[in-house]
Amino acid sequence: MSRSLLPGARKFVPTGANDTPLPNYVPGLGRGATAFSTRAETAPAPTASNAKLREMRDAASRAESQRRANELFGKPPPGYIPGRGRGATGFAGGVSRDDSIDYTQGAADKSDLSDANFDPFTGYAENLFNDAEYDEEDRVADEVYESIDQRMDGRRRSRREARLKEEIAKLRAEKPTIHQQFADLKKGLTSVTQEEWESIPDIGDYTLKRKQKKQQMLTPASDRGILEARNRESFSNSIASAGSATPIGFGMATPLMAGGLSTPLGLQTPLGIQTPLGLRTPMGSSTPSLNDLGEARGTVLSVKLDKVMDSISGQTVIDPKGYLTDLNSMQLQSDADIADIKKARTLLKSVISTNPNHAPGWIAAARLEELAGKLQTARELISLGCQRCPKSEDVWLEAARLEKPRNAKAVLAKAVSVLPHSVRLWLDAYAREKDINDRRLVLRKALEFIPNSVRLWKEACSLEDERNARILLTRAVECVPQSHEMWLALARLSTYEEAQKVLNEARKKCPTSPEIWVAACKLEETQGNEKMVQVIIGRAVENLIGRGVAQTRDVWLKLAEEAESSGFLTTAQAIIKATMKVGVEGINAKRVWSEDAEECLSRGSITVARALYTHALERLKTKKSLWLALADLETKHGTREALEKVLQKAVTCCPKADVLWLMAAKQQWLKGDINAARRILAEAFSHNENSEAISLAAVKLERENNEFARARKLLKRTRQNINTANVWMQSIQLERQLGDYDAAIALADEAVKQHQTFAKLWMVRGQLHEEHPIHRDLAKAIDVFREGTVCCPRSVPLWLCWVNCERSQKNWNRARAVLEKAKLRVPNSPELWLALVQVEVDSGNREVAQHVASKAIQACPNAGIIWAEAIFLEDENAQTHRAVDALTKCENDANVIHAVARLFWKDQKIAKARKWMNRSVTLDPSLGDAWASFLAFEIEHGGEKECIDVINRCALAQPNRGLAWNKTTKQVRCWSFSPAQKLNAVLEYMYPNALKDGISQVVLDALHGKLQNEQQTPTTAQTPPASASTTSMSGSNPASAQRGRNDSNKDQQRGDSSTPDKTSKTGFPETVFGKVLLRSFCDFRNEEGDSGATEGGIVTHVFTRLSMPMGGVNLTWHFTNDSPLKIYDVLQYSPTV
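When the letters of the sequence shown are read in order and numbered with full-length UniProt numbering, they come out as residues 1 to 1137.
Derived from the structure by calculation, the hints contain no laboratory data. Any given hint could be a false lead.
27 Å max Cα-Cα, derived DSS-like pairs, lysine-lysine [as the list claims (entries may be wrong)]: (1) Lys-501 / Lys-558; (2) Lys-558 / Lys-656; (3) Lys-823 / Lys-780; (4) Lys-581 / Lys-649; (5) Lys-391 / Lys-374; (6) Lys-889 / Lys-909.
Pair by pair, the computed Cβ-Cβ distance ranges are [claimed, not checked]: (7) Thr-354 / Glu-464: 28 to 34 Å; (8) Gln-376 / Lys-342: 17 to 23 Å; (9) Ala-413 / Gln-376: 34 to 40 Å; (10) Asn-828 / Glu-196: 39 to 45 Å; (11) Ala-743 / Ser-1000: 31 to 37 Å; (12) Asp-153 / Pro-201: 53 to 59 Å; (13) Gly-373 / His-179: 50 to 56 Å; (14) Ala-413 / Arg-455: 53 to 59 Å; (15) Asp-435 / Ala-911: 47 to 53 Å; (16) Ala-69 / Asp-153: 30 to 36 Å.
Built from N, CA and C at the ideal position, the CB exists for glycine as well.
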């Protein structure tokens, strides 16, 4: 028997030939075969026995199939239905009878036990035991498991949530949403005006459906179709190719004669025929159908008109206001503009057709034609508009504008005949007249029709002389009695007695006008009746309030400022005095008066501001801020005598205000009266016994005048009564200045025991051991610095003092170790990184220095001092690229600008070097290294004038920063140097060869402070009155005298580099001096904390730093807001540490 060749075929083992078949065996039934009978075997209809036999055979076949299936696949599970898992069904409706039979004789299990519903952890989604009973034990177990889950979930919930929030924040930072990206732009929309919003152009339709147009598919037409189309169009509505016939529906032929003949319709068709619709048809060519062209043009025109017409009512929907603005902004530039003009012409034609009485439509149509260059058409249109809108003065004015000058007068004459009460028409006619007599005639004719026009009366009076003007004004006040301007003009042209009568009459006619009352005050002031000025203003306020006319403070202040600008100072003061309480509540009085005074000062109204402060102090005598503001005003704009009077009153009303006493003593000192200054300080100390500021001011006064013994006694008494760190600092510095280092060290040792957290005491103590002329002990200095860093670990200058001491001994490894320790205490400090770079440079490790500089830049990317050092660590060919990187990170850093200027100087780019040098000292005038480089550059490449200018600017700027500057000027020998002398010392340190070449003697004298006053202050003659308060002081302090002269002329000498005296939010002026003070205050806050930022503490701290005589420029500070920081007003800058 043959076997199947298919792979995986089931082996068939036939039964033996002699084997007897099983009962009810049907051959082939197992394979699905069915018995059949042939036609020959057809028997009669089956009987009942035969049907029973077939049933038996079917049952046997099913049993045999089941047996064989069990042998091959195993016994089926209970409830198995063949094919049910595949969704097979063989019954109508998809449900068999067996579906309703319970094969397992038990409860039906309808759980979904397929693989899709199986989970390795939870099983079949907890459906295996749905049929089980849920008892109390199950409930308790579920509660236990749930409590365990909650406890496990809450153990690290905070960490998990924090980590999740960080991941979300990081993800949002890396991929912000569209809303976040445009959040700042949305906020900026709040400042967009209505006009800016409306001017935003439409974006148009740029959707994908317009970009991705389907490629047009073209199918070539057959020759037969083209021929039929040509034959069909050739016989109707066309022009002959040679111009011989024009059959426009009439069938009339025009032979070709003499270049073309006229057709019956008046159309001319020459050689190269032109059709009536403007279409050219060259000779020998064919044109399309004229009917089709006419229909197409009519269709286009109808579409355009339909856009501007309402399809229901037929009325126009054009905006009658918007198109005038659109026409004014149109400019004829291209073919597109021409098309726009045609479109606008159509629209405006619709406007004037549908609404011929609309004047703006005629004006717009005329301007459109003017824009298109058709001036005559514009005149015709506006003329028609004048006929349709004769009562519109705008149309007449437009017609006069479009006409020629000789015809414009005729148009205006006709206009005023139609509209005789139009002021604009009369004024236009008046303006077009050239002769003054004709102008008078026009205005007088206009006044006959419009006698109540103030503008016409003003123009008429302006053409007359004083006598005729007074006559006209007499008539004007009769016609326009409510105009106070006419009354005031008449009063100005009258004598004193007549002016009084005029103003009295004006007061009756205009009872609510404050200008008339103010004019009466000015009239009295011109006669010297100052008492009457006060009386009149008082009556004015009472009268206006009685009539219910509440004039605001702004109105009265404006009147006062106008009076001051006119020279009526008494009137301005009287207005302020009488209206101090207008619009002011008790709780806001000080704030309102201070703000008004500051605004008046900003507008240059000095008298008004002085009056505000003066009368405010009459009501608020104990307000120190008001006294300081008034003293500052007198310092800048008043005289010395006025300032002294103010300060005398101030200390009487505010005896506890240290700053006022110090200002009063300073004024006496500047005047040269040292004894008077001592008396004032003594009196101040009697009112403020424990005032640190007053005590240190007295010490400073004695030191400035070389009274060191008295200064030592004062300091000893102050240490006993006022045991503060600044007092000890002053005592140590005095002994240090006198050269008694042993006494200074003893004081320092005692001071650090009582004030361990004051870093400057540790610094000075260590420096004393370094500078000791006999017993210099660097090891002891290192021990002091080490102990100081333990007490003050956040003080960067103290760490640097320790490092510099190690560097002076060339202990490079110890210096590195100290810096690494300092960086742990004060991370990301540019000064510490710079010191580490310098240590590597000094030790000869240039490559290591470059590596350290790169790390420093990564840690402090915006530190200009590190970038400036890194530039010069590179090779010469790479310095430029490094400078570009530095400018990218620190564009406005003075240190980087200074380094770039030095690069230009080295490359002999003189103009660029000078420009960048000037830029560096302008950005930060306190950078002394930049001033020294600038002067060295000018000595080499500039002239005497440039050098003197740099020296003077440096003296005004008072620099106090810079590596070389601080290293040089902090030496004891430089404490008493003037700014020019300090600049000379730094110049010798940075550029020792700069002064060895042939240098002008004048420059040398300037550097040593030996120039004459005329050379140092060339603009003394232009000094404002404020110089009286800061003039030179004769006697024993010539340095202070020079300060006064330079202070009075600082604005003139500063030149182009000067900046306005603006006040920052901190209360310090945004100038060089303000930056010095702000820096001192920030240092003090860092060292003492917020609790130590008291008036006495701040003043004492600054006195500590600024105590030595400077021999240079006197600095006067200006403030506008009420702040304890105004104590700096009495200080002078002179670094000591």
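Hints, verified against the model:
no.	hint	verdict
1	Lys-501 / Lys-558	holds (26 Å)
2	Lys-558 / Lys-656	violated (37 Å)
3	Lys-823 / Lys-780	holds (23 Å)
4	Lys-581 / Lys-649	holds (23 Å)
5	Lys-391 / Lys-374	holds (26 Å)
6	Lys-889 / Lys-909	holds (24 Å)
7	Thr-354 / Glu-464: 28 to 34 Å	violated (50 Å)
8	Gln-376 / Lys-342: 17 to 23 Å	holds (18 Å)
9	Ala-413 / Gln-376: 34 to 40 Å	violated (22 Å)
10	Asn-828 / Glu-196: 39 to 45 Å	holds (43 Å)
11	Ala-743 / Ser-1000: 31 to 37 Å	violated (44 Å)
12	Asp-153 / Pro-201: 53 to 59 Å	holds (57 Å)
13	Gly-373 / His-179: 50 to 56 Å	holds (51 Å)
14	Ala-413 / Arg-455: 53 to 59 Å	violated (21 Å)
15	Asp-435 / Ala-911: 47 to 53 Å	violated (59 Å)
16	Ala-69 / Asp-153: 30 to 36 Å	violated (53 Å)
Checked against the numbered hints listed earlier, the structure breaks hints 2, 7, 9, 11, 14, 15 and 16; every other hint is satisfied.
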